[in-house]
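**Student:** The hints should help you fit chains V, Y and F onto chain R, whose structure is shown.
There are 4 protein chains.
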Amino acid sequence: MTSSVGNKIRLSVFGESHGLAIGCTLEGVPSGVKIDFDALMTQMSRRAPGKDKTATTRKEADIPELISGVVDGVTTGAPITIIIKNNDTKSHNYDNLRDNPRPSHADYAASVKYGGANDIRGGGHFSARLTAPIVAAGAICRQILKDEGITVGGHILSIGGVEDKRFDPVNVTDTELEALSSKLFALISPEKEKPMRAEVESARLDCDSVGGAAELAAVGLPVGLGSHMFLGVENVVSNILYGVPAVKGISFGAGFGYAALKGSEANDQMYFDENGAVKCYTNNCGGITGGMTNGMPLIVTVALKPTPSIAKEQKTVNLKTGENTTLKIEGRHDPCIVPRALPVLEAALSIALLDLLALGEEV
Amino acid sequence: MTSSVGNKIRLSVFGESHGLAIGCTLEGVPSGVKIDFDALMTQMSRRAPGKDKTATTRKEADIPELISGVVDGVTTGAPITIIIKNNDTKSHNYDNLRDNPRPSHADYAASVKYGGANDIRGGGHFSARLTAPIVAAGAICRQILKDEGITVGGHILSIGGVEDKRFDPVNVTDTELEALSSKLFALISPEKEKPMRAEVESARLDCDSVGGAAELAAVGLPVGLGSHMFLGVENVVSNILYGVPAVKGISFGAGFGYAALKGSEANDQMYFDENGAVKCYTNNCGGITGGMTNGMPLIVTVALKPTPSIAKEQKTVNLKTGENTTLKIEGRHDPCIVPRALPVLEAALSIALLDLLALGEEV
Amino acid sequence: MTSSVGNKIRLSVFGESHGLAIGCTLEGVPSGVKIDFDALMTQMSRRAPGKDKTATTRKEADIPELISGVVDGVTTGAPITIIIKNNDTKSHNYDNLRDNPRPSHADYAASVKYGGANDIRGGGHFSARLTAPIVAAGAICRQILKDEGITVGGHILSIGGVEDKRFDPVNVTDTELEALSSKLFALISPEKEKPMRAEVESARLDCDSVGGAAELAAVGLPVGLGSHMFLGVENVVSNILYGVPAVKGISFGAGFGYAALKGSEANDQMYFDENGAVKCYTNNCGGITGGMTNGMPLIVTVALKPTPSIAKEQKTVNLKTGENTTLKIEGRHDPCIVPRALPVLEAALSIALLDLLALGEEV
Amino acid sequence: MTSSVGNKIRLSVFGESHGLAIGCTLEGVPSGVKIDFDALMTQMSRRAPGKDKTATTRKEADIPELISGVVDGVTTGAPITIIIKNNDTKSHNYDNLRDNPRPSHADYAASVKYGGANDIRGGGHFSARLTAPIVAAGAICRQILKDEGITVGGHILSIGGVEDKRFDPVNVTDTELEALSSKLFALISPEKEKPMRAEVESARLDCDSVGGAAELAAVGLPVGLGSHMFLGVENVVSNILYGVPAVKGISFGAGFGYAALKGSEANDQMYFDENGAVKCYTNNCGGITGGMTNGMPLIVTVALKPTPSIAKEQKTVNLKTGENTTLKIEGRHDPCIVPRALPVLEAALSIALLDLLALGEEV
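Protein chains in written order, with the numbering used here: chain R, 61 to 423; chain V, 61 to 423; chain Y, 61 to 423; chain F, 61 to 423.
No lab work stands behind these hints, which were simulated from the structure alone.
Note that the structure is predicted; figures quoted are calculated from it, not measured.
Misleading hints may appear alongside valid ones.
One copy or two, it doesn't matter: identical chains are merged, so the pair holds either way.
[Stated by the list, open to error] In silico lysine to aspartate or glutamate, DMTMM-like type, Cα no more than 20 Å apart, as pairs:
no., residue 1, residue 2
1, LYS119, GLU236
2, LYS375, ASP333
3, LYS254, GLU223
4, LYS375, GLU325
5, LYS339, GLU383
6, LYS145, GLU125
For reference, chain R alone in the conformation it holds in the complex (with noise of 0.2 Å):
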């Protein structure tokens, strides 16, 4: 299994649910940053289990511990591990499921692919547990990027039917973004978290989970980042965000909304605006024209599916007996992942942002 990706800037993860921790090593990471603990453990808070009703109710601490390529909180230079220990582990709750495989999850195919040896507590090295690293790395680099003028937010955009506003997809702020981005249930539209929350509760009670969406940005971004064709904006990013589970579409600007669009209506015409700079009156294109950034808003949607794990019985199969068989799924599990997945989609953006940052010009 390969559990790493990126260019200069490399995100490698390890670790298993149930195992003694988890965690994974940054390269690339310039040397003399003063690591900001404090904002790395908002993003990790976000993050972190048992806090809330949406999500499962495992406690995990969730402290990061940072055993290289820092020295008195400052970056040297060298490969940055971080380690996060798993303590609240309850590993019987799974024993079952090395037969039965739980649909819509990794089990089966993992099962096949690893001829029975891969880890089946808490779901191993496919259990979504593994996106807390990712957090904590992606922490350092919306740092980095931050010294660069770069800022990174999201939001949730839908739980269920219920829908947040969209960004302005050309006046959204660095102030806005930052603001978003320490909240637990980040919205534009704050109302709108009743009612997502109850969708959530009603699914929870139901045994059953919710699906969602989330809406990303960044902005002070360079004009020119990412090479055309397979090195762009767009492939560097959705290579990432991939990584995190539960991700079924990503799209950038108008996205699928383009489909409908006539080129008229869909063409971001330009401007000098009053500072010499240029501008474009939309931003259908997300802040990406082919495949490099534009100087506009960067705009990502991505579509989260509900968590598979749930407590309603279902038909599965038994690898074992040959047999068609039910199973109901017990342990501890989130109703609704896109409130937790939103801080790992932002950070994963941020390392991506990173390295197209870091790749830079040719010589």
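**Tutor:** Relative to chain R, chains V, Y and F alone:
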């Protein structure tokens, strides 16, 4: 600029729209494969310009010349380089574009990134003409996949407001995919061709263009292709598909539709079929769980923006004078890219799948 | 800084000499392999410090902890992360090194590259202590190779002016390699141990150090490993071996001796042996032709420079004052790195060979 | 087969000795560089065959055609593809080689690896003719390095038993390197040309060939190029140099000579020169410490085996009949590859150095 992609199967694309030739190198292809040139030319002619009112009037024979890696029509195992000559170039049409970037084109970002040295003639390396070598390389990969029992295909999902039926994600067959993959205007419901063409013709007459979407599928994939996290099927496929110009959204299975579903609706429950194979009653996951194929058909949806090159007057900037101005794009352009993009997307998907197959198992 | 390497088998090394821990992540290892911890500890103890007068007096248990990728001693297919705690650190010895770079050490270049933020304590990430995780990762790879019938080994070829016999490049056996690979002071001619130790002891007493060379071999390799040109056996092997500190020269087969040979002397003429296998009468090519294994033993020679940390007074610069100065390096250092480097080189070779094996054939 | 290499500067080589053409694609080259075609042709003609009794009598103009990435002689930033036509091919000479592999050639390993489908004509993709595109790509890289104040050069170090003087590793200059780099038979001591040519002529008349060595250098490199461990200067340089056929040994600075040195002799002690630059009194490390450039000249020594294609009768196997047999290689071959390999090695070194320069610093 970097225009290469892949792991064990590596594609490197080169050339400019109005240069001597365009082409690509495909590395990692196995030896001993007798190239089916008829099948290759079928795919080339699906993408070739000048066939149809939906497309540019530029005439190009687009006959790929395999200058290496093939002896007597059989692959040698060495890198395959494919050259396609440019014949019908009218470069004088593009002279004013260096100063006046076209809205929603790469022009402005490329001008900043490459300091004005990038080839502006016909879009240079950013031209959609560069997809011709992808089709040629993809045809070779598609043929090798077929030898492994894997069939790739697709259809036009929508043009403007007109939509085709979707694939039956549980029952799509190789026969169906093969039939679609030889068509110039591939639809599941052929009666949609007329209203779709009407959308395109209306846009064309109005000096405008129109967007759309495509749906791709692959059947016959073994269980367990793709490595969890960053080398999963979604990552590898979207990484290459975003290299196709105009793609602004990619989703797998239920994709963005997942957001409004409950887990109990979304989960693909499992059973043993009469042959003892593990199947799912539904296929919302589009054949991928935990980044790995699960034996169900792979289903990918792709959003395509309208061609940005339109003859209508548009607002832009003059980079030389620093003043706002307007632009009418001349030259020959596609009022709708979807029919010609479809074989490119199928080709790119074929390259990604062959790469995943070649990566195979560890040791 | 980037400290990762490999294609399908990827190694990422992290940590600093005087940090909390050092370690590595090994990706791409197959599932279902029962780790032989005794064999692993044999290799660790060959490299461990404090055993011998040829080595530093630093005492480290160097017991690797496998915190991921292994359950009940069996690989799961997920990334294997190995942690080795640092215990016996005496950082106060290094305080003056930030200003006064040690001759022939990374200090000066690192100071320029990392703006003085690199960890100077014990050499930080540049310390040869970082080879301990390579030995652990290599032991796992070596075990998997052994299951495939491939045996890796090596011996001290020279220390100072004292030379061991070379391998018989045509007839080296797995038994011979295995016997060597468990020794602390591996020699083909054991009688050379005494004069070699005398060289080291003489250097130690003189506050000096001494260089040497190692010869490595592998038998049982299938024909055709390695891809011609840039992914050949020589490329992949030297790429990783040059990651071992002190390595300044690598050659294959007759190596630099080839320069003075005639083609008729150098060419390895071929024959069928009694079992119908293709063999060569000689093995000047060291088992590699055209970048690919040819079925003969792989033979690699590695030159190692003397440990640059010596207690003799040396001339250097003071980067703070801008004045020339002198330096006596204190702390604990190896008067000869060759015996401890040997298991590291064998480990690195094992990782490279497993990567080549995993790359295998196209599709 | 994979024939590409590099990180930010990527080279992909394609073609066969007796196919239509050979060539390469070079990615990552900056835009706006006016190509010096005279300098490029100087390098091409140093490598071109048919000039000299030391070389094959095959006549090839070897004029590289830049079919992409260059407009009006100036780089655009897009991938540069270079095509070199094959004209003087005599494929009938090679017919018996498929069954009777040539000793110390790729034939046997390739036959096993590619199932006999590899192109055998003139060595196919394994031919040393494939180094022509490397020279062309390297000439472009060399020119860009020169603009950055970096000069690359080399000389024949030995042919058979005749040795040239070595570079003064402390004082080698750009002027000296440039003068050498335009010569067909580059030597520090020109009086060695006559005895070296006598060695070659003697081998040629005896239907034999002779090996040798080359010494390369680069000056003007900034301090801190290369990342410690696996992306160091030694790793990156040897990774590409081993892609040049006949290379069997590579060392840096004192290289294998280090083995017999004491630390006090080997260490390069430091001082501030009159301009306040940090310099070393000696340069045993060949300009590299900890994988990074230290500001002293880079010194690389390369061992080259004798051309394995000799007209003397040799023992080999008949893969079809399964019987031992003998072989006299006909066709046109170089009795000594060293003079023609030198510009290839310099080119490969230039590509590696430009890649290291392009990798530059993190963010």
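**Student:** Each hint needs a verdict: does it hold in this structure or not?
**Tutor:** Status of each hint after checking the structure:
1. Taking CA atoms no more than 20 Å apart as the test, LYS119 paired with GLU236 passes in neither setting, with 31 Å inside one copy and 50 Å between copies.
2. Taking the closest pair of Cα atoms, LYS375 and ASP333 come within 20 Å of each other only across two copies (13 Å); inside a single copy the shortest separation is 59 Å, beyond that limit.
3. For a Cα distance limit of 20 Å, the shortest separation of LYS254 from GLU223 inside one copy, 12 Å, qualifies, whereas the shortest one across copies, 36 Å, does not.
4. Taking the closest pair of Cα atoms, LYS375 and GLU325 come within 20 Å of each other only across two copies (13 Å); inside a single copy the shortest separation is 47 Å, beyond that limit.
5. Proximity of LYS339 to GLU383 under the C-alpha cut-off of 20 Å is restricted to the inter-copy arrangement: shortest distance 12 Å between copies versus 62 Å within a copy.
6. Taking identical chains as interchangeable, the C-alpha atoms of LYS145 and GLU125 lie at most 20 Å apart whether they share a chain (9 Å) or sit on different chains (14 Å).
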